[in-house]
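Q: Sequence:
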Amino acid sequence: MRKRLTKDEVSPRSVFLDVPNMPWETTKFAGIKCKTLYSDGSGMATLLMELEPGAEVPLHEHTAIEQTYVLAGHFVDEEGECLPGQFVWRPEGNTHVAWAGKEGATILGIFLKPNIFADGRPFFTQDKG
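What the sequence shown shows, in UniProt numbering, is residues 1 to 129, in sequence order.
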């Protein structure tokens with residue numbers, strides 16, 4: 001076992017995920033499913049999301065920076081659009097609606113805190129019940 005450089009203890013092990021074989025999770029947003037790749041319980045999360053054609057992430061505000069990388073399809077909001085291989089980040093306080101284009105979208109989203117939705121729905125990683 002390798003030791004840490006900054007403390008006299010064993011280095012924590014990496015966590016490897018077999019993402020293609022992970023099941024898709026349903027969300028409270030019609031036409032959107034996700035795979036939670038990382039979540040720390042406080043709202044920090046990395047999600048692989050699949051949006052059906054025209055699926056919408058309703059009006060919400062980012063409570064911290066959000067980063068999104070588009071893997072497939074077309075991901076759009078009022079300020080612009082992203083195609084495969086493109087990236088967008090949104091600062092804390094950014095308020096918008098986002099949706100998938102006619103071909104849908106597969107995106108990788110990195111969140112530091114849960115978003116706040118205008119209609120009160122919980123963020124993807126909160127209250128999955």
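Any given hint could turn out to be false.
[As the list claims (entries may be wrong)] The calculated lysine-lysine pairs, modelled on PhoX-like cross-linking and capped at a C-alpha distance of 25 Å, are:
1) Lys102 x Lys3
2) Lys113 x Lys35
3) Lys102 x Lys28
4) Lys35 x Lys102
5) Lys113 x Lys28
6) Lys113 x Lys33
[What the hints assert, rightly or not] Label-pair distances were calculated between CB atoms; the ranges are:
7) Pro58 x Lys7: 42 to 52 Å
8) Glu61 x Leu5: 35 to 45 Å
9) Leu5 x Glu81: 34 to 44 Å
10) Leu83 x Val10: 40 to 50 Å
11) Lys28 x Gly80: 23 to 33 Å
It should be emphasised that the hints constitute simulated quantities derived from the structure, not laboratory data. The model shown is predicted, which means the values in this text are computed figures rather than measured ones. The C-beta atom is built at its ideal place from N, Cα and C for all residues, glycine as well.
Q: Now, for every hint given, state plainly whether the structure supports it.
A: Quick rundown of the hints versus the structure:
With a CA separation close to 50 Å, the supplied pair Lys102 and Lys3 exceeds the 25 Å bound. The straight-line distance between the Cα atoms of Lys113 and Lys35 is roughly 17 Å, inside the 25 Å bound, and the hint therefore holds. Only pairs whose Cα atoms come within 25 Å are accepted, and Lys102 paired with Lys28 is accepted, the gap being roughly 21 Å. Between Lys35 and Lys102 the alpha-carbon distance is near 22 Å, which keeps this suggested pair within the 25 Å criterion.
Simply put, Lys113 and Lys28 have alpha-carbon atoms about 18 Å apart, close enough for the 25 Å limit, and the pair holds. Annotation: proposed proximity of Lys113 to Lys33 holds, straight-line Cα distance about 19 Å (limit 25 Å). As the Cβ distance of Pro58 to Lys7 is approximately 44 Å, the hint placing it in 42 to 52 Å holds. About 39 Å separates the C-beta atoms of Glu61 and Leu5, a value consistent with the hinted range of 35 to 45 Å.
Against the hinted window of 34 to 44 Å, the Cβ-Cβ separation of Leu5 and Glu81 comes to about 43 Å, which satisfies the hint. Between Leu83 and Val10, the C-beta spacing of about 44 Å keeps the proposed range 40 to 50 Å intact. Remark: the range hint 23 to 33 Å for Lys28 to Gly80 is upheld by a beta-carbon distance near 26 Å.
Violated hint for the displayed structure: number 1, the only one.
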